[in-house]
Amino acid sequence: MPEHTVSLQAYAKAVLHCAKYPWATVHGLFLAETRDGRIRHVDAVPLAHTWTELSPMFDVALQQAQLYAEAKGLAVSGYYVAYEETDAAQLSAAGALLAKAVLALNADAVAFVVDAKSLGPDATRAALIPFACVDSQWRRQQPGFAAAGKGAPFVLENNRVLESTKALVAARAEIAIHDFDEHLGDVALDWLQNPVLSERIRAI
Amino acid sequence: MSNAVQLLAEIRQSSERRPFEVLKLAEPLLGSGGGLGTGADAWLAYEQVFVAAIDDGEMELARAVLGRLHKRFGAGSQRVKRLAGMFNEAAGHAAEAKRMYGEMLAADETNVLASKRLIAMLKAQGQLGEATAQLVAYLDTHGNDFEAWLELSALYLRQQLYPQAAFCVEEAILQQPANHYFHLCYAEINYTMGALDVALKEFLRVVELSTDNVRGFYGVRLTADRILEAKRRPKKEQPAWADAAPQPATLERLSELATERLLSVYGAAGAAPKRAAEAWLQQS
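Protein sequences appear in the order of chains G and S.
By UniProt numbering, the letter at position 174 of the first sequence is numbered 174, and the numbering carries on one by one without gaps.
By UniProt numbering, the letter at position 105 of the second sequence is numbered 105, and the numbering carries on one by one without gaps.
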């Protein structure tokens with residue numbers, strides 16, 4: 001299992017996607033660069049907050065995200081999902097299939113289920129439960145995210161990621177995130193880069 | 001005063017859930033001792049603020065607003081009682097909420113608000129099977145409630161029961177045959193199930209019923225291309241519907257038309273999405 005690092009950009013965008021649609025299941029993709037066998041998830045591309053069990057628009061978005069990633073020297077590296085049920089800790093059957101579509105593009109792809117209980121202002125751990133596909137089944141990777149620097153398979157890029165994300169949520173930064181669903185209603189919205197939000201995250 | 005009150009009314013009209021904005025608009029008005037407008041509209045606004053408050057976890061504010069509503073409409077008001085039930089749900093007092101809704105139904109077994117809250121509670125507790133059963137029972141007597149059909153469709157989707165979900169959307173379409181949103185939902189469910197012939201027809205209906213519907217055109221392009229690909233396979237590997245599907249020439253023309261419309265709409269898109277969409281559309 002290669003080591004996975006999740007950057008502030010990727011983590012914060014995924015969390016803010018949840019914050020914008022707290023009543024709904026939301027899902028999206030991570031983009032990563034690979035260096036020396038280490039996978040760095042450097043960005044998140046939010047996909048949908050409606051009809052998340054349905055495949056056609058997911059197919060279009062995945063293919064376009066792949067084209068975008070390639071142009072930037074990145075790869076689509078992960079599928080993240082935050083379920084409506086706040087106690088969810090497993091990929092749903094639909095989610096497993098969608099994650100497999102990502103796997104078809106990238107054999108190192110992983111999936112993350114957002115742990116709603118770790119999204120609050122008092123959380124001390126990453127709110128992502130990692131899954132890897134082993135023998136065609138998505139299996140939860142224990143021990144999950146470890147504190148930065150401990151050489152565990154899944155880490156956040158540094159120990160400021162959680163606090164910075166909480167600050168962004170408290171400041172209601174989710175207003176600036178636009179997923180593919182929103183883009184389909186208004187093509188002027190940049191669901192791939194979310195540039196205004198990216199800048200905000202860089203500046204925090 | 002009138003501006004904030006107007007904005008609250010607009011948000012009510014849109015039926016979007018925007019608790020943060022609602023509270024931001026309402027709090028200054030409530031704080032100043034004034035109110036949320038005059039007449040019947042004011043009470044609609046109070047109800048709206050109450051729901052926003054429980055949405056955002058502002059339980060003290062919710063309690064205060066509920067108090068005002070109780071004072072105005074009294075203990076007999078079923079509408080206020082439902083809000084009190086919702087307060088209990090939000091505060092984690094599920095048993096108390098259930099009891100209140102049970103009382104409402106005992107007083108009037110056709111009380112739609114109470115039945116729906118009970119179903120919503122089952123859903124929130126993850127009891128999808130039971131929620132489904134009760135919603136099916138509800139629809140037996142309220143078959144013209146298209147929103148309930150869509151809610152049931154969503155419940156079926158969460159249980160991977162795609163044909164059942166599709167059937168529910170059919171019921172909604174029967175009631176509103178010109179609603180492109182329903183056709184879109186139906187198209188996407190059918191696509192997901194692999195019923196590409198139905199999906200194509202429905203995506204075409206969507207673009208017929210609306211203007212430059214991007215989802216619709218993506219659907220037409222995707223489905224036409226996939227049907228073409230299916231028809232190119234050896235006969236015995238083709239899906240059952242392949243014979244009934246349109247001819248390759250028609251499918252190619254549909255794919256071209258969808259591509260044309262999408263390229264035109266994407267002229268106004270942001271740089272990165274435009275590049276990605278154009279690259280995707282140019283793929284054969």
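Be aware that one or more of the hints could be misleading.
Using 27 Å as the maximum straight-line C-alpha spacing, the simulated BS3-like pairs for lysine-lysine come out as follows [what the hints assert, rightly or not]: (1) Lys-117/G x Lys-98/S; (2) Lys-20/G x Lys-231/S; (3) Lys-20/G x Lys-201/S; (4) Lys-231/S x Lys-100/G; (5) Lys-236/S x Lys-20/G; (6) Lys-72/G x Lys-274/S; (7) Lys-201/S x Lys-236/S; (8) Lys-236/S x Lys-274/S; (9) Lys-201/S x Lys-166/G; (10) Lys-116/S x Lys-98/S; (11) Lys-235/S x Lys-274/S.
Derived from the structure by calculation, the hints contain no laboratory data.
* **Hints breached by this structure** => 2, 3, 5, 8, 9, 11
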